[in-house]
Amino acid sequence: MSARLHALANPARFGRFARRALPWTAWLAALCIGAGLVWGVFIAPPGAPPPEGQGETVRIIYVHVPSAWMSLFVYACVAAASAGALIWRHPLGHIVARAASPVGACFALLTLATGSLWGAKMWGAWWVWDARLTSVLILFFLYLGHIALTHAFDDPARGARAAAILALVGVVNLPIIKFSVDWWNTLHQPASIIRRDGPAIDAQMLAPLFLMIFGFTFYFFTVLLLRARAELAALRTRALKLRMLAA
Amino acid sequence: MAMKAKTRRLFFVSFGLALLGGAVALALVALQDTVTFFFTPSQAAERNIQPGQRVRLGGLVEEKSIKKLADGVTTEFRITDQAKTVTVHYKGVLPDLFREKQGVVVQGAFQPDRVFVAATVLAKHDENYVPKELSDELKKQGLWQHDKAKPATK
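If you read the protein sequences in the order shown, they are chains A and B. Numbered as in my numbering, the first sequence ends at 616 without a single skipped number. Numbered as in my numbering, the second sequence ends at 185 without a single skipped number.
The shape of chain A in the complex, shown without the other chains:
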């Protein structure tokens, strides 16, 4: 495993890997998101109507939950890549972290925005300072801090190192987000999918939801490969420019 990860450190080999993988991830993302949206918005049954349930409003779940999942998953990826870079000096670590964190920030923002719309309709409030909402807001700020720190130094290596340390520190927030609804009284409802008694979402709604989650994940890998390839190219240009200046 680690030998195979190190093999990807060779930029040429990474380029070949990206070229082979990209069509797959891109098509799978388009298929899953397309099918999931049509299924979720037009075919899946609405929730029980008010006053017993949420009616059509519940359909925002097909964007909100996949975004929330991605904002956690991408952060875990950034942290893992940062650990790889700091501990094992993996050359791709900083590049992957740098490429992934703006994508994660977008997912976190999308989570907050869709959640706010949903909350306005169902709870009667756009925003409340409960533990779940606040911890996700902190996740968004961690992403922003990570992006800012990456670019805060003239020497990119120093920025990457500082950002990697921040990424690792922020890992503490991930279990807090996940378990906030169990540890404290929150306005946000408890977990619906990963819970002890199995999912609390009906199968007819769970199927398109999982399609969307897979679609978002493939989308992330597509964008990650594209961005990492661009980062590698930028590094190479920088190195060439430096060499030309030195000559």
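None of these hints come from the bench; they were simulated from the model. Be aware that one or more of the hints could be misleading.
Using C-beta positions, here's what the derived DEER-type ranges look like [unchecked claim]:
(1) B:Ala150 - A:Ala602: 54 to 62 Å
(2) A:Trp396 - B:Glu94: 48 to 56 Å
(3) B:Ala140 - A:Glu425: 31 to 39 Å
(4) A:Ala526 - B:Gln113: 54 to 62 Å
(5) A:Gly384 - B:Ala61: 22 to 30 Å
Not close to chain A: a few residues of chain B, all C-beta gaps over 10 Å, as computed [stated by the list, open to error]:
(6) Ala61
(7) Pro82
(8) His120
(9) Pro126
(10) Val148
Even for Gly, the Cβ is constructed at its ideal location relative to N, Cα and C.
We have chain A; now place chain B onto it with these hints.
Coordinates of chain B only, in the frame set by chain A:
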């Protein structure tokens, strides 16, 4: 025996994270009353909340407790966590989901007569998502669990 550099770094990072995790956990336990979004009526009784102190209370709206007061604008209802009950007065528009046995969070303060005057009422829904046909069917068979959703306490 000297550790390899990467083993030492792994040890450093793991130790640092464990330490940080412990510190954050301690801080959160200490701040429990601040982090929590609302108190249940029992928790409010335990903490002896003074009249006039702004707090949020959460619980289920008690059955047959909702009524309009004589002034025509104030709604009175009771929220309960099955152990303790609080009477709430609220002037204003109630959220769509507000109904008997629904989880709600009310924000306001106790009056000296222990009536809770709410400035805001928020609806809290549970984690169950079922389509309309299924809930109708379950109700017909008397198997509908939604109303018995666990109270806002844990």
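Falls inside 31 to 39 Å, the C-beta gap from alanine 140 of chain B to glutamate 425 of chain A? holds, 37 Å
Minimum Cβ distance from proline 126 of chain B to chain A greater than 10 Å, as the annotation requires: violated, 4 Å
Taking 54 to 62 Å as the stated bounds, is the beta-carbon spacing between alanine 526 of chain A and glutamine 113 of chain B within them? The hint (54 to 62 Å, Cβ to Cβ) holds, given that alanine 526 of chain A and glutamine 113 of chain B are roughly 59 Å apart.
Honestly, do alanine 150 of chain B and alanine 602 of chain A meet the 54 to 62 Å range at C-beta? Since alanine 150 of chain B and alanine 602 of chain A have Cβ atoms about 57 Å apart, the given range 54 to 62 Å holds.
Take a quick look at proline 82 of chain B and tell me if its Cβ sits farther than 10 Å from every Cβ on chain A, holds or violated. holds, 22 Å
Verify this label for me: valine 148 of chain B is non-interface relative to chain A, using a Cβ-Cβ cutoff of 10 Å. Holds: least Cβ distance 18 Å, greater than 10 Å.
When you look at the beta carbon of alanine 61 of chain B, is every beta carbon of chain A farther off than 10 Å? Given a closest Cβ separation of 13 Å, the condition holds.
How does the Cβ-Cβ distance of glycine 384 of chain A and alanine 61 of chain B compare with 22 to 30 Å: does it lie in that range? violated, 51 Å
If you check the beta carbons of tryptophan 396 of chain A and glutamate 94 of chain B, does the distance land in 48 to 56 Å? holds, 54 Å
For histidine 120 of chain B, which was marked as not at the interface, is the minimum beta-carbon distance to chain A over 10 Å? For histidine 120 of chain B, whose nearest Cβ neighbour in chain A is about 17 Å away, the distance exceeds 10 Å, so it holds.
When the structure is compared with the earlier hints, violations turn up for hints 5 and 9 and for no others.
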